[in-house]
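Undergrad: Sequence:
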Amino acid sequence: MPVPAFVRITIAAASLTLAACSEAGTQNIQSDLTIFVGGDMLAKGGVVFIHPLPVSEERWREIREAENRTLQPPEGLAPIADDGKRLTTTITGQAVHVQFLYPRGERRYMFRFRPVPEAGDAAAVGTRLLTVGGIDSATGLGPAMAFGFVGLHDVGDQTIQVARGDTDHFIARALVGAVGGYGQPLEKPSCEMGSAVAVCGYDEAQWARIAQRWEEEHRKGEWERRRFKALDACYRGAERQGRTGGHCHLQGSDGEEPIVYEYRDKAG
1 MPVPAFVRIT
11 IAAASLTLAA
21 CSEAGTQNIQ
31 SDLTIFVGGD
41 MLAKGGVVFI
51 HPLPVSEERW
61 REIREAENRT
71 LQPPEGLAPI
81 ADDGKRLTTT
91 ITGQAVHVQF
101 LYPRGERRYM
111 FRFRPVPEAG
121 DAAAVGTRLL
131 TVGGIDSATG
141 LGPAMAFGFV
151 GLHDVGDQTI
161 QVARGDTDHF
171 IARALVGAVG
181 GYGQPLEKPS
191 CEMGSAVAVC
201 GYDEAQWARI
211 AQRWEEEHRK
221 GEWERRRFKA
231 LDACYRGAER
241 QGRTGGHCHL
251 QGSDGEEPIV
261 YEYRDKAG
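FYI, the numbering for the sequence shown is 1 to 268, going by my numbering.
Just so you know, these hints were derived from the structure itself, not from any lab.
The structure displayed is predicted, hence computed values, not measured ones.
Hints should not be assumed to be uniformly reliable.
Pairwise CB distance ranges (calculated) [to be verified]: (1) Ala-138 with Glu-257: 33 to 41 Å; (2) Arg-59 with Arg-236: 53 to 61 Å; (3) Thr-139 with Pro-74: 32 to 40 Å; (4) Pro-74 with Ser-253: 51 to 59 Å; (5) Gln-72 with Glu-257: 52 to 60 Å; (6) Arg-243 with Phe-170: 27 to 35 Å; (7) Pro-74 with Gly-165: 17 to 25 Å; (8) Gln-212 with Glu-239: 13 to 21 Å; (9) Gly-165 with Arg-264: 38 to 46 Å; (10) Gly-165 with Leu-77: 24 to 32 Å; (11) Ala-43 with Ala-230: 29 to 37 Å; (12) Arg-226 with Glu-67: 50 to 58 Å; (13) Gln-72 with Asp-203: 55 to 63 Å.
Okay, derived cross-link-like pairs now, DSSO-like style, lysine-lysine, Cα gap no bigger than 30 Å in a straight line [what the hints assert, rightly or not]: (14) Lys-188 with Lys-229; (15) Lys-44 with Lys-229; (16) Lys-44 with Lys-266; (17) Lys-220 with Lys-44; (18) Lys-229 with Lys-266.
C-beta atoms are modelled at their ideal positions from N, C-alpha and C, and glycine is treated no differently.
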């Protein structure tokens, strides 16, 4: 049997509103999740890996009767289906996996980010979509969860930057690489489980290792950006001199400073 290929789409500097879909025309929404942001995530920013997980109508009916909130939903939200469920959860760490359930079907869930109520209106949460995970074209499903709701498949995860403090999208992408979030995480997180929502994060020892990798990923990313800038300057300089057809060659090895390119004319 062939192994499904899950192709991840990287979003280049695209911003995301605070809801997964427009809050207009939400009458079919059954699972409506508000993610309250506090702690280090609110103070410093970070990344959230979102996994919407479809379940049967029978299981959803059981969920609808259970308590699924850490806080009351915010006021002023658009109406959802009469038999829909408002879910809430709270995240605090700088790298968090959020899994939530919804009844199988098209456009039956949505989610949004809000600061924890005690943060006040000044702590608005800006977000940016970094990547969208792939699905198997035959089933419409992504990989099975290895933690949290183990064995359930998502419908294409979303990796989202929470933009606070100095965490720009370059730093956020470095954190994703340090977590290993574009595939199986390098560290297995621990999860707080509810009937409809799982929030999975990292303990102190795990975070120390992630932070070390994060710094290294960021350093390598910064070097790559400077390298591309130097490469562009090399070709532009050659063009100003009327030299074409040649190539710019890096002098030295990857990671070395200073970054110097030499233009070499085409032989012959």
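Undergrad: Determine for every hint whether it applies to the structure shown.
TA: Against the structure, the hints come out as follows:
For Ala-138 and Glu-257, the hinted distance range of 33 to 41 Å is not satisfied, since their beta carbons lie about 49 Å from each other. Checked against the hint of 53 to 61 Å, the pair Arg-59 and Arg-236 passes, with Cβ atoms roughly 60 Å apart. Judged by the Cβ atoms, the range 32 to 40 Å given for Thr-139 and Pro-74 holds: they are separated by roughly 35 Å. At about 52 Å, the beta-carbon gap between Pro-74 and Ser-253 stays in the expected band of 51 to 59 Å.
Between Gln-72 and Glu-257 the beta carbon distance is about 53 Å. The supplied range of 52 to 60 Å therefore holds. Distance hint for Arg-243 and Phe-170: a CB-CB separation of about 32 Å, consistent with the stated range 27 to 35 Å. About 23 Å separates the C-beta atoms of Pro-74 and Gly-165, a value consistent with the hinted range of 17 to 25 Å. Look at Gln-212 against Glu-239: about 42 Å separates their beta carbons, and that is not inside 13 to 21 Å.
Distance hint for Gly-165 and Arg-264: a CB-CB separation of about 44 Å, consistent with the stated range 38 to 46 Å. Our hint of 24 to 32 Å for Gly-165 and Leu-77 holds, since their Cβ atoms are close to 27 Å apart. A C-beta distance of roughly 35 Å is found between Ala-43 and Ala-230, which places it inside the suggested range of 29 to 37 Å. The hinted window of 50 to 58 Å between Arg-226 and Glu-67 holds, with their beta carbons roughly 52 Å apart.
Between Gln-72 and Asp-203 the CB atoms are about 29 Å apart, so this pair departs from the stated range of 55 to 63 Å. For the hint pairing Lys-188 with Lys-229, the CA-to-CA distance comes to about 37 Å; that exceeds 30 Å, so the pair is violated. In summary, the hint linking Lys-44 to Lys-229 is supported, as the alpha carbons are separated by about 28 Å, within the 30 Å threshold. Distance check on the hinted pair: Lys-44 and Lys-266 sit about 49 Å apart at the alpha-carbon level, beyond 30 Å; violated.
Restraint check for Lys-220 and Lys-44: satisfied, since their Cα atoms lie roughly 21 Å apart, inside the 30 Å limit. The hinted pair formed by Lys-229 and Lys-266 meets the criterion: a straight-line CA distance of about 22 Å does not exceed 30 Å.
In this structure, the earlier hints numbered 1, 8, 13, 14 and 16 are contradicted, and the remaining ones agree with it.
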